[in-house]
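Engineer: Sequence:
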Amino acid sequence: MRKALDYFVLDVFTNKSYRGNPLSVVFTENELSLSDYEDIAREFGYSETSFVHYSEQNQLLQVRSFTPIGFEVDGAGHNLLGAVCAAMLKDKTLFPKDSLQHVIMKTASIPIYISFNEHKLPVVKMLQKPAVIGNSIPAEQTALALGLSLKDLDIPDFVPVIVQTEVAHAMIPIQTIEILNAIKPDNKLLIELSKQYDFEGFYCFAFTGEKKGTIVQSRFFNPIIGIDEDAATGTAAGPLAGLFLHQKIIEKNSSYQILQGVKLNQPSLIEVAVKDNGVLVGGSSVITMEGKIYIED
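Heads up: the sequence shown begins at 1314 in the working numbering, then just goes up one per residue.
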């Protein structure tokens, strides 16, 4: 016997359909089997698929997310933001607006703030942990893996460095936006670097020249978990904001934007603000598709 589950496909970190980062969100009554999670994520084929259900016992929304290769994702990124937006659009009474709430992501409790924008779409801001700046990684190897020359990464006071809020990613400085968009990564070399230095993705960024508003453009590559390129990556935007505060590029408690996904024709705006207790990463989402998916009961 087959069981039907409701699903939405949302475009995340945008107010417009067919922009931002697409995310499939499947609503379940409780936990599914691991094979069901993996099968459904593979069937959708997006960078991540999130599964949500409301626990009456805990009175909390619970979220789990998987990539198409069956990797379960940790951390508060577009996978969580889109899942909460989908739940809000499905049931606007689920969370009181303009108040601090908590969502369970896998097993961790993630603080979130919810409001609505002028388009009447939910805006979710996720509080990531304070940024921890780790080891640098060799610029020459990094440039080679990205199909660039060493001078393309030559920005004063910046080197490729691992930074973590929820997930450890490498922050990679790129000289210009033109060079950023010319990156042609070698996934095999990227995976080797990730394994050697114990981190996941490569968040490549170039400054726009703006002091406020959209301060950088970025691209993100994470082949070690099955993501060749991502249109918007909250778990990398938070660490980048933390690095910028450390480098005195931005100010604490001020809001900035990161533009990602331009090369994919999926422009995404990620809002970031560094607070005393962590990094706020947020944005809005819009439903683009909805329907039912079937599993064996």
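You may find that some hints are simply not true.
The list that follows gives simulated cross-link-like pairs (lysine-lysine, DSBU-like), each with its CA atoms no further than 30 Å apart [unchecked claim]:
1. Lys1525 to Lys1442
2. Lys1605 to Lys1588
3. Lys1403 to Lys1329
4. Lys1605 to Lys1316
5. Lys1433 to Lys1561
6. Lys1403 to Lys1464
7. Lys1403 to Lys1419
8. Lys1565 to Lys1438
9. Lys1576 to Lys1329
10. Lys1419 to Lys1442
11. Lys1501 to Lys1576
12. Lys1438 to Lys1588
13. Lys1329 to Lys1497
14. Lys1419 to Lys1588
15. Lys1438 to Lys1501
16. Lys1316 to Lys1438
17. Lys1508 to Lys1525
18. Lys1605 to Lys1329
19. Lys1605 to Lys1561
20. Lys1565 to Lys1588
21. Lys1497 to Lys1433
22. Lys1501 to Lys1525
23. Lys1588 to Lys1433
24. Lys1405 to Lys1588
25. Lys1605 to Lys1442
26. Lys1561 to Lys1464
27. Lys1316 to Lys1405
28. Lys1576 to Lys1508
29. Lys1588 to Lys1524
30. Lys1329 to Lys1508
31. Lys1605 to Lys1565
32. Lys1576 to Lys1405
33. Lys1433 to Lys1565
34. Lys1433 to Lys1403
35. Lys1497 to Lys1464
36. Lys1525 to Lys1576
37. Lys1525 to Lys1605
38. Lys1464 to Lys1525
39. Lys1442 to Lys1316
40. Lys1403 to Lys1438
No wet-lab data here; the hints were simulated from the structure.
Engineer: Lys1403 and Lys1464: Cα distance at most 30 Å?
Structural biologist: Cα-Cα ~49 Å, so violated.
Engineer: Is the hinted pair Lys1525 and Lys1605 satisfied, with a Cα-Cα distance of at most 30 Å?
Structural biologist: 42 Å, violated
Engineer: Between Lys1403 and Lys1438, does the CA-CA distance stay at or below 30 Å?
Structural biologist: Holds, at roughly 18 Å.
Engineer: Holds or violated: Lys1497 and Lys1433, Cα atoms, limit 30 Å.
Structural biologist: 38 Å, violated
Engineer: Given the hint that Lys1316 pairs with Lys1405, test it: the Cα-Cα distance must not exceed 30 Å.
Structural biologist: 25 Å, holds
Engineer: Holds or violated: Lys1433 with Lys1565, Cα cutoff 30 Å?
Structural biologist: 28 Å, holds
Engineer: Take the C-alpha atoms of Lys1525 and Lys1442, compute the straight-line distance between them, and say whether it is at most 30 Å.
Structural biologist: Roughly 23 Å between the alpha carbons, so the hint for Lys1525 and Lys1442 holds.
Engineer: Going straight from one Cα to the other, do Lys1605 and Lys1565 come out at no more than 30 Å?
Structural biologist: With Cα atoms ~44 Å apart, Lys1605 and Lys1565 exceed 30 Å; violated.
Engineer: Assess, step by step, whether the Cα of Lys1419 is no farther than 30 Å from the Cα of Lys1588, and give holds or violated.
Structural biologist: 24 Å, holds
Engineer: Straight-line Cα separation of Lys1561 and Lys1464 no greater than 30 Å?
Structural biologist: 23 Å, holds
Engineer: Can the restraint linking Lys1576 and Lys1508 be considered satisfied, given a maximum Cα separation of 30 Å?
Structural biologist: 26 Å, holds
Engineer: With the threshold set at 30 Å, check whether the alpha-carbon distance from Lys1605 to Lys1329 stays at or below it.
Structural biologist: 23 Å, holds
Checked against the numbered hints given earlier, this structure breaks hints 2, 5, 6, 15, 16, 17, 19, 21, 22, 25, 30, 31, 32, 37 and 39; the rest are met.
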